[in-house]
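With chain V's structure known, arrange chain H on it following the hints.
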Amino acid sequence: MHIFAAEGEQNPLLPPVGEIIVGLITFAILAFVVIKFVFPMIEKTFQERRNAIEGGIERAEAAQAEAKAALEQYRAQLAEARTEAAQIRDAARAEGQQILEELRTQAQEESARIVARGEEQLAASRQQVVNELRGQIGSMAVTLAGRVVGESLEDEARRRGTVDRFLDELDAMSSSTPSSSGGSTAYVPEGDR
Amino acid sequence: MTSSASALASVLAVESDPGGGFVSPSIAEFYPPALAEFSIFGIDFTITRITVISWIATAAILAFLVLASRRMTVVPRKSQFLLEGGYSLVRDNIARDVIGPKYKPFVPFLGALFFFIIANNAMSIIPFFQISPMSKFAYPLVLAILVYILYNAVAIKNKGLGGYLKEVAVPPGVPPVFLILVTPIELLQVFIIRPFTLAVRLFANLFAGHMLLVVFSLGTVYLLGKVGENFSFVFAPFSFLMALFMTFFEVLVIVLQAYVFTVLTATYLNGAVEEGH
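So the sequences go chain by chain: V and H.
When you line the first sequence up against the numbering used here, it's residues 5 to 197, in that order.
When you line the second sequence up against the numbering used here, it's residues 11 to 287, in that order.
Extracted from the complex, chain V is given alone in its bound form (with noise of 0.2 Å):
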């Protein structure tokens, strides 16, 4: 112990001036590098950890939105493609409606004619029987009343008005009595002789 008590009476709260000198310098060097070059190194790391990872976020914000947007996208066109659809089924009916419509009209018109036609054909056949009985009736008739009354009654041509007036007569009552039959009076006009 003697050997180290040897510098005197030691105060350890009286330091030398040289040893605060030494211990300034000291941290002085340690405190330049440190400010100088560390620090400002791991604030450099620090902001570009914050730069990555706002950064990664960004990306990710941006992958959502594109994907919402798509999503949006599909939707919309779905809906699209589901009222085109129905467009269309709508109008495929409102044209099979319409064909058939087409159709029976066209049938109805087609009936009606063949009907008309029928009606026609029977109506001039009618006439043409008519006309050639009314022709047989009256010669059958002036023939049968001849030789009933006698030869004389040919050679008096200005009888035959009689003859006419008696089958005109007949031809009335005929074409108003049948009218159940469906007879009509407009094939059959007066004095048509």
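Honestly, the hints are just simulated from the structure, not real lab data.
Among these hints, one or two may not hold up.
Restraint-style ranges between C-beta atoms, simulated for each label pair [what the hints assert, rightly or not]:
| # | chain 1 | residue 1 | chain 2 | residue 2 | range |
| --- | --- | --- | --- | --- | --- |
| 1 | H | Pro247 | V | Ile61 | 35 to 43 Å |
| 2 | V | Ile57 | H | Gly173 | 36 to 44 Å |
| 3 | V | Val21 | H | Phe188 | 35 to 43 Å |
| 4 | V | Ala66 | H | Gly173 | 49 to 57 Å |
| 5 | H | Asp102 | V | Ala66 | 27 to 35 Å |
| 6 | H | Ile202 | V | Glu47 | 30 to 38 Å |
| 7 | V | Val21 | H | Phe243 | 43 to 51 Å |
| 8 | H | Val187 | V | Ile57 | 53 to 61 Å |
| 9 | H | Lys112 | V | Glu62 | 54 to 62 Å |
| 10 | V | Arg54 | H | Val76 | 17 to 25 Å |
| 11 | V | Leu18 | H | Val184 | 49 to 57 Å |
Taking lysine to any residue pairs in the SDA-like style, the calculated list, with each CA pair at most 20 Å apart, reads [claimed, not checked]:
| # | chain 1 | residue 1 | chain 2 | residue 2 |
| --- | --- | --- | --- | --- |
| 12 | V | Lys48 | H | Tyr158 |
| 13 | H | Lys88 | V | Thr49 |
| 14 | V | Lys48 | H | Asp102 |
| 15 | V | Lys40 | H | Lys169 |
| 16 | H | Lys236 | H | Ala218 |
| 17 | V | Lys48 | H | Val85 |
| 18 | H | Lys114 | H | Asp102 |
| 19 | H | Lys88 | H | Leu72 |
| 20 | V | Lys40 | H | Val85 |
| 21 | H | Lys112 | H | Phe74 |
| 22 | H | Lys114 | V | Arg53 |
| 23 | V | Lys40 | H | Lys176 |
| 24 | H | Lys114 | H | Tyr158 |
| 25 | H | Lys167 | H | Pro111 |
| 26 | H | Lys114 | H | Ile166 |
| 27 | H | Lys114 | V | Phe50 |
| 28 | V | Lys40 | H | Leu198 |
| 29 | V | Lys40 | H | Ala73 |
| 30 | V | Lys48 | H | Lys114 |
| 31 | H | Lys176 | H | Leu156 |
| 32 | H | Lys112 | V | Gln51 |
Source: prediction; values computed, not measured.
Just so it is clear, CB atoms sit at the ideal spot from N, CA and C, and this is done for glycine as well.
Structure of chain H alone, referenced to chain V:
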């Protein structure tokens, strides 16, 4: 058992009277023989073992800081992670939380303080060094003086000399009657006691820690030397366990005192920055 202490103990054993009582370590522990002595402008410089230890500690922490901060990557490596942990502690937990929104310019100084103190403190338990330069009052004193200059300069810059003095001497919310008592206390506190306590707190912790370690280490060696003489050697393991326990305790002191010094500096800076704290 710590090797330098045992080396020291063997020296002491020769010095002290063989067979005599236990010679406890004295204040001479902190005044090792000079390795070099010179004088510049009338100021005596004594380079001792402790001076060299402070250089080694500072060089080591500086090497770590520089190497770990080179080629820093966004995804940290192991050493970078350690560096960032220490820096973030100072930056976020000390500077930002204590000083407040204007913390940015003080982070580098606080960081330098923290790393310097923790590295020099650590020397108190690292084998073959086992004494912290911080147990020499000169080192904490230097730091305390720097802190003193800094917080006063910042306060004067922010509030003006008059405003600063008024704020210290007449704290807001104190009834005028008490100012007779409060004003001298506040002035004494801010301008004299603060830097002194700041330095002494750090110094005394490391000083006492070193003394405790040396006492129990030397005690172990002394008691083991009694083997064959008497039965007091059976207490050697207890002394050793105490030395071990005190070493672990010292780890706590090393970190805690570095943290406390930095936090207090931040607190004083907060007072200098804030308006009417």
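Hint-by-hint comparison with the structure:
For the hinted restraint 35 to 43 Å between Pro247 (chain H) and Ile61 (chain V), the CB-CB distance of approximately 59 Å leaves it violated. Between Ile57 (chain V) and Gly173 (chain H) the beta carbons are some 42 Å apart, a value that agrees with the proposed interval 36 to 44 Å. The hinted window of 35 to 43 Å between Val21 (chain V) and Phe188 (chain H) holds, with their beta carbons roughly 40 Å apart. Checked against the hint of 49 to 57 Å, the pair Ala66 (chain V) and Gly173 (chain H) passes, with Cβ atoms roughly 51 Å apart.
The beta-carbon spacing between Asp102 (chain H) and Ala66 (chain V), approximately 30 Å, falls within the hinted interval of 27 to 35 Å. Taking 30 to 38 Å as the suggested C-beta distance range, the pair Ile202 (chain H) and Glu47 (chain V) conforms, at roughly 36 Å. Separation of Val21 (chain V) from Phe243 (chain H) is about 46 Å and conforms to the stated range, judged on CB atoms against 43 to 51 Å. Judged by the Cβ atoms, the range 53 to 61 Å given for Val187 (chain H) and Ile57 (chain V) holds: they are separated by roughly 57 Å.
Separation of Lys112 (chain H) from Glu62 (chain V) is about 30 Å and departs from the stated range, judged on CB atoms against 54 to 62 Å. Take Arg54 (chain V) and Val76 (chain H): their Cβ atoms lie about 24 Å apart, and the range 17 to 25 Å holds. Restraint check, Leu18 (chain V) to Val184 (chain H): a C-beta distance of roughly 36 Å breaks the suggested window 49 to 57 Å. Restraint check for Lys48 (chain V) and Tyr158 (chain H): the C-alpha separation of about 30 Å exceeds 20 Å, so the hint is violated.
Between Lys88 (chain H) and Thr49 (chain V) the CA atoms are separated by roughly 15 Å; this keeps the pair inside 20 Å, and the hint holds. Simply put, Lys48 (chain V) and Asp102 (chain H) have alpha-carbon atoms about 16 Å apart, close enough for the 20 Å limit, and the pair holds. Of the supplied pair hints, the one linking Lys40 (chain V) and Lys169 (chain H) is violated, its CA atoms being roughly 28 Å apart against a limit of 20 Å. Only pairs whose Cα atoms come within 20 Å are accepted, and Lys236 (chain H) paired with Ala218 (chain H) is rejected, the gap being roughly 27 Å.
A distance of roughly 13 Å separates the Cα atoms of Lys48 (chain V) and Val85 (chain H); the hinted pair therefore holds under the 20 Å criterion. Taken as a hint, the Lys114 (chain H) and Asp102 (chain H) pair is honoured in the structure, with Cα atoms around 10 Å apart against an allowance of 20 Å. The hinted pair formed by Lys88 (chain H) and Leu72 (chain H) meets the criterion: a straight-line CA distance of about 17 Å does not exceed 20 Å. Between the alpha carbons of Lys40 (chain V) and Val85 (chain H) the distance comes to roughly 23 Å, so the proposed pair goes past 20 Å and is violated.
This hinted pair does not check out: Lys112 (chain H) and Phe74 (chain H) have alpha carbons roughly 29 Å apart, beyond 20 Å. Taking the CA atoms of Lys114 (chain H) and Arg53 (chain V), the gap is about 18 Å. The hint holds against a cut of 20 Å. Taking the CA atoms of Lys40 (chain V) and Lys176 (chain H), the gap is about 36 Å. The hint is violated against a cut of 20 Å. Among the hinted pairs, Lys114 (chain H) with Tyr158 (chain H) is consistent with the structure: their alpha-carbon atoms are about 19 Å apart, no more than 20 Å.
Among the hinted pairs, Lys167 (chain H) with Pro111 (chain H) is consistent with the structure: their alpha-carbon atoms are about 17 Å apart, no more than 20 Å. For the hint pairing Lys114 (chain H) with Ile166 (chain H), the CA-to-CA distance comes to about 19 Å; that is within 20 Å, so the pair holds. Among the hinted pairs, Lys114 (chain H) with Phe50 (chain V) is consistent with the structure: their alpha-carbon atoms are about 14 Å apart, no more than 20 Å. The hinted pair formed by Lys40 (chain V) and Leu198 (chain H) fails the criterion: a straight-line CA distance of about 35 Å is larger than 20 Å.
Restraint check for Lys40 (chain V) and Ala73 (chain H): the C-alpha separation of about 14 Å stays at or below 20 Å, so the hint holds. Only pairs whose Cα atoms come within 20 Å are accepted, and Lys48 (chain V) paired with Lys114 (chain H) is accepted, the gap being roughly 14 Å. Between Lys176 (chain H) and Leu156 (chain H), the direct Cα distance comes to roughly 23 Å. Violation of the 20 Å bound is thereby established for this hinted pair. The straight-line distance between the Cα atoms of Lys112 (chain H) and Gln51 (chain V) is roughly 18 Å, inside the 20 Å bound, and the hint therefore holds.
In summary, the structure is inconsistent with hints 1, 9, 11, 12, 15, 16, 20, 21, 23, 28 and 31 from the numbered list given earlier, while agreeing with the others.
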